[in-house]
Amino acid sequence: MNVPSSWRVPLLATGIAAALAYPLLVPNYLVTVGMLVFFTAFIGQSWNIAGGFAGQTSFGHVVFFGTGAYTSTILQVTYGWNPWLAWPVAMAAGGAVGWMIAVLSFRAGLKGSYFALITLAFAEVFRILANSVPFTRGGLGMLIKADPRPENFQFRDPIWIYYLAFVLCAVSILIAWQLTRSRFGARLVAIRENEDAARALGIDVFAEKVKVLTLSGAMCAAGGTFYAQKYLYIDPSIAFGVDKSVEMLLVSMVGGAGTVFGPLIGSVALTGINEGTRWLAGIVPALKNVQPLSLVVYGLMLILIVARLPDGLMGLFRRRPKAVPRA
Amino acid sequence: MPDPAILLAGVLNGLLAGGIYVLVAVGLTLIYGVLHIINFAHGSLLMLAMYAVFYLWRLLGIDPYAALPMVIAGSFAFGFVLYRLLIGRYNHGRDENILLITLGVSIVVDNAALLFFGGDTQTIDVTYAGSFVELGAAFLPLPKIISFAASLLLCLILGLYMAKSDTGKAIRALARERQGARLVGIDVDKLFAVSYGIGIACLGAAACLLMPSYYVTPSSGHAFVLVAFTIVVLGGMGSFVGAAVGGFIIGITESLGGLILGEQLGQIGISLIFILILLLKPTGLFGGAR
Chain R
26 MNVPSSWRVP LLATGIAAAL AYPLLVPNYL VTVGMLVFFT AFIGQSWNIA
76 GGFAGQTSFG HVVFFGTGAY TSTILQVTYG WNPWLAWPVA MAAGGAVGWM
126 IAVLSFRAGL KGSYFALITL AFAEVFRILA NSVPFTRGGL GMLIKADPRP
176 ENFQFRDPIW IYYLAFVLCA VSILIAWQLT RSRFGARLVA IRENEDAARA
226 LGIDVFAEKV KVLTLSGAMC AAGGTFYAQK YLYIDPSIAF GVDKSVEMLL
276 VSMVGGAGTV FGPLIGSVAL TGINEGTRWL AGIVPALKNV QPLSLVVYGL
326 MLILIVARLP DGLMGLFRRR PKAVPRA
Chain E
3 MPDPAILLAG VLNGLLAGGI YVLVAVGLTL IYGVLHIINF AHGSLLMLAM
53 YAVFYLWRLL GIDPYAALPM VIAGSFAFGF VLYRLLIGRY NHGRDENILL
103 ITLGVSIVVD NAALLFFGGD TQTIDVTYAG SFVELGAAFL PLPKIISFAA
153 SLLLCLILGL YMAKSDTGKA IRALARERQG ARLVGIDVDK LFAVSYGIGI
203 ACLGAAACLL MPSYYVTPSS GHAFVLVAFT IVVLGGMGSF VGAAVGGFII
253 GITESLGGLI LGEQLGQIGI SLIFILILLL KPTGLFGGAR
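First to last, the sequence lines map onto chains R and E.
For what it's worth, my numbering labels the leading residue of the first sequence as 26, then goes sequentially.
For what it's worth, my numbering labels the leading residue of the second sequence as 3, then goes sequentially.
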């Protein structure tokens, strides 16, 4: 972002202070809205690390989300684990699935649209399996027993789950920021911009892509566990449905793929649209169907952004170099 | 393992379904072969055409088969305009961009359908829907047989059109060699839009043939999009013959998968074929080197 560097620290400090004070000042309903903003920004960032920074567009990122959600829920419900302990295992499982998909797809040389489509098919395979095998209880889904104690990863007051989402989001932003200043991140950007050139520079393209999808899968799986603990219920279409994949992709693309704050900006924008359509639906009774209306707006934004604003909303903050006048 | 007679009935039913899949897949493979874009909105546009057929029947009482010429023409026009206004303008740069734009189109179409048509499942009650033809152990619904024959006939007509007509020859030249086509004076941009229009017209025809025996909901597009991509990838992206063979293989796989593995797990066959083909032989059965 081309904010003058002397502003950065005060701007960031104000943002953090506002985020921390926010739930103390608003009703519970808005605390949950805020929680969803940070949670969506977090899973969006997990997509962004692979899709934005490394340019590996995925249409099936939900496969990691669902793996995380089911791993921790099964460990907890079936084997009696504490959910906090199950959380790192869920992340490891998500990382393992990311590693597997990466090794298979990148070994076969899949790129661009083909990689996007194969991730979609993997998510579909996982959805059908979760629907059919006994240990996920099939289409009935899995219910986590409500027992709101912090040591049980359940909170009576929504403020705590809000703060947890805030911390997750902050950590994911730190990871993305680290990518902008590490050699690993630089190699990813090189791969995104031109894979052949990156290989010619001596970058092990395959290894780097496998690494980034493993990291992204583990992060996304952490989001899955968080979601299961918040709603205490998952089923195959929540955990592996295409809607969540699209949501992760949308917040990153709308905010700015490959930027540190893109997913957060995108998440704020999309939540704003959601609440805006809810408000509009209150006034215009014909629009009682809120969810599809806001998705129509998201779809239009995606088209607009791919076509006109490749850097997403973040691109609006950036000073564009002036076009070189033709001689 | 079920009774062989039931398996045979499953194969026949799969063949009938596959016949219509061929039409859907031919549209997708044509768009890919000529424009080199992956039309992720394919399923959603099919769903939209199915609603058009439904409302023509519901509001004007037009039989779905009688609606064929009208819906084909309308779909062609819709595709042509969509290409001219949106897709053609951004058909450049990274190939994921056009995939994302067509994803955006499918999100808009799916949710606009939910908003305007509601989420209910809609079917058409035609008088012949309950007629069956007995063939061995199989009772085959008459509308599926009519649709199967009509679908193959339409594919044949399209194949002849592509082989013999000037427009067809120009499109094939364009698919082979863009720059060369431009140099010999072919209006490239217009033909791109025509090709996209023909691809969507195939969907219009498929919608008319599907509606007498299937149903439509706003999420029907989702159900078809992976099936269509699997057929096209299996046959080889851009290959007409491949789309035809792939359509039948997938129709039978789906039908037998349901019989042997059960309704839920049976759907896995299509996704697995898709993954395995991409991993092991991305050029498909009939595709040349890209």
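Because the hints were derived from the structure by calculation, they are not lab data.
A portion of the hints provided could be inaccurate.
[Stated by the list, open to error] Across the chosen pairs, the derived CB separations fall in these ranges:
1. E:174 - R:30: 51 to 61 angstroms
2. R:30 - E:225: 49 to 59 angstroms
3. R:32 - E:174: 52 to 62 angstroms
4. R:220 - E:9: 40 to 50 angstroms
All C-beta atoms, glycine included, are put in the ideal place defined by N, C-alpha and C.
Quick rundown of the hints versus the structure:
1. E:174 - R:30: 51 to 61 angstroms: holds (57 angstroms)
2. R:30 - E:225: 49 to 59 angstroms: Given a distance of about 52 angstroms, which is inside 49 to 59 angstroms, the answer is holds.
3. R:32 - E:174: 52 to 62 angstroms: holds (59 angstroms)
4. R:220 - E:9: 40 to 50 angstroms: 46 angstroms Cβ-Cβ, so the 40 to 50 angstroms window holds.
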